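Based on the hints, put chain B in the right spot on chain A.
Chains A and B are the protein sequences, given in the same order. In terms of our numbering, the first sequence opens at residue 90 and continues consecutively. In terms of our numbering, the second sequence opens at residue 15 and continues consecutively.
Treat each hint with caution, since some may be false.
Said to hold, decoys possible - In silico DSSO-like links for lysine-lysine, alpha-carbon gap of 27 Å or less: (1) B/377 with B/57; (2) B/322 with A/120; (3) B/373 with B/241; (4) B/57 with B/225; (5) B/377 with B/241; (6) B/373 with A/120.
Hints are computed from structural coordinates only; laboratory data are not their basis. Treat the numbers as computed from the prediction; the structure is a model and nothing was measured.
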Amino acid sequence: MTDAALGGLQIALTGFALMAVVSMLCAGLIKLIVIGLARSQRAKRAPAPEFVMPVRDDRAAVAAAIAAAVHVALPRHRILRIDPARQSADWTREARARQHGAHAPRR
Amino acid sequence: MLDISFLDLFQGVATLAAAEPHILIGRLFLIGLGLALIYFGQKGVLEALLMIPMGLGMATVNAAVLFLDDGRTGTLFLDPLASGADAVMTVLQIDWLQPVYTLMFSNGLIACLVFIGVGTLLDVGYVMQRPFTSMFLAICGELGTVIALPLGLMWGLPLNEAAATATIGGADGPMVLFASLILAPDIFVAITVVGYLYLGLTYGAYPHLVKALVPERLRAIQMPVEKLRAISGPEKMMFAVVACVLLSLLFPVAAPLFLSLFIGVVIRESGLTQFREVFSGPVLYGATFFLGLVLGVLCEASTILDPKVLILLALGIVALTFSAIGGLLGGYALWWFTGGRFNPVIGIAAVSCVPTTAKVAQKIVSQANPNAIVLPHALGVSISGVITSATFAAILISMLRAG
Chain A
90 MTDAALGGLQ
100 IALTGFALMA
110 VVSMLCAGLI
120 KLIVIGLARS
130 QRAKRAPAPE
140 FVMPVRDDRA
150 AVAAAIAAAV
160 HVALPRHRIL
170 RIDPARQSAD
180 WTREARARQH
190 GAHAPRR
Chain B
15 MLDISFLDLF
25 QGVATLAAAE
35 PHILIGRLFL
45 IGLGLALIYF
55 GQKGVLEALL
65 MIPMGLGMAT
75 VNAAVLFLDD
85 GRTGTLFLDP
95 LASGADAVMT
105 VLQIDWLQPV
115 YTLMFSNGLI
125 ACLVFIGVGT
135 LLDVGYVMQR
145 PFTSMFLAIC
155 GELGTVIALP
165 LGLMWGLPLN
175 EAAATATIGG
185 ADGPMVLFAS
195 LILAPDIFVA
205 ITVVGYLYLG
215 LTYGAYPHLV
225 KALVPERLRA
235 IQMPVEKLRA
245 ISGPEKMMFA
255 VVACVLLSLL
265 FPVAAPLFLS
275 LFIGVVIRES
285 GLTQFREVFS
295 GPVLYGATFF
305 LGLVLGVLCE
315 ASTILDPKVL
325 ILLALGIVAL
335 TFSAIGGLLG
345 GYALWWFTGG
355 RFNPVIGIAA
365 VSCVPTTAKV
375 AQKIVSQANP
385 NAIVLPHALG
395 VSISGVITSA
405 TFAAILISML
415 RAG
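Next up, chain A with everything else stripped away, as it sits in the complex:
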């Protein structure tokens, strides 16, 4: 092996060792962030409120009816949340689709 190649090997090995140290420090930093944030979230978490069925709330009856209907129609699915309809972030796509539809020549 020539002197130049030996010099190159030395540079490559030094660089590799430095890269390994920096990468492992990066991994340690990631672990610290994950552990630190997990602890802070646990501390902030408020005790769960007592579960009370809002029997006098009409919305609960509506939600129960929707859930029952979905369960009958789509038995393999589970309802996770029922919310009022909101404008989605995809409003541009919807507007674009409407505009393109309005210009469809075969309609």
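Chain B only, in chain A's frame:
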């Protein structure tokens, strides 16, 4: 009657007839290679997104050589050898791809745009769930760079060019482009073309390498079920911000790439849906398209045919092969360390060609055991590989510039 000869009329053929034998053979070979890239890209053997525009660009530019006003031969695509403000300004007004080359390619902007797009696709949660395992394998996947650098010097390349070529072992296209722009601006075109050509081949070649080095019973190992906490968006954002600032503080020379990658991650995790759609779609695919097209057009025979290219081709294949072997050796080390519960095929994802090598790992494992899922682990390793290869390239650049 008009006195027009056949060769005056069809200049592509005329320049072919007038060319020196090695250029003539080179042009015909590159036309054939371009067509082969299109064929294998369309078949799914090579990465189609890059190889189809690159192949057509390569085939067309070698067909479309004509005589210029001053008697030289050239094309109307771009002139990478134009130097000096006047010459560049002139060629910017004539060659249609010159603006893309001058204003996006040769300053690394296109690499940064690809990195922003890649960042918006990366879920760093996979790394954050298993940081040490992922980073260990990614470090092993840099073996090719370590071996290719001294080998390049032995084969007669100067140190800066050997180092730039060795970064192909990191298997990160934008990183290879960026490192060679800084370390070896004279041959950065050839290094980048070779790098991307081989990165396109990884999808087709790595499965054979893995099957040769890992027996089927080990390829079929099912990863144990882990109880992992889901990483939230703000946690991922915090990691991206801290890592970006710290790595830029350590290696300012690679800061544009760090910023590009991590700003993509931040866009993804911050819920900026409009930005995410733009960068993960039009920007990423637009940049990839023009990158492939310009790389293909740069493969004009008289530009790229240089004795050094053969050395670069050999070094590139050595670098990528040894990086894959290094990753698999790391996989074997973890397999041994965990008492045979770790699937060593995941090591191939250490070659950070995101997400290609992770998909290769899952594909090979699924062939051996359809129930085994290694993709989350492989993605974590692959994303870590982006960080390690950027860090390694930045260290090499800093060391060589300081020396």
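Which numbered hints does this structure break? Structure breaks hint 2 only.
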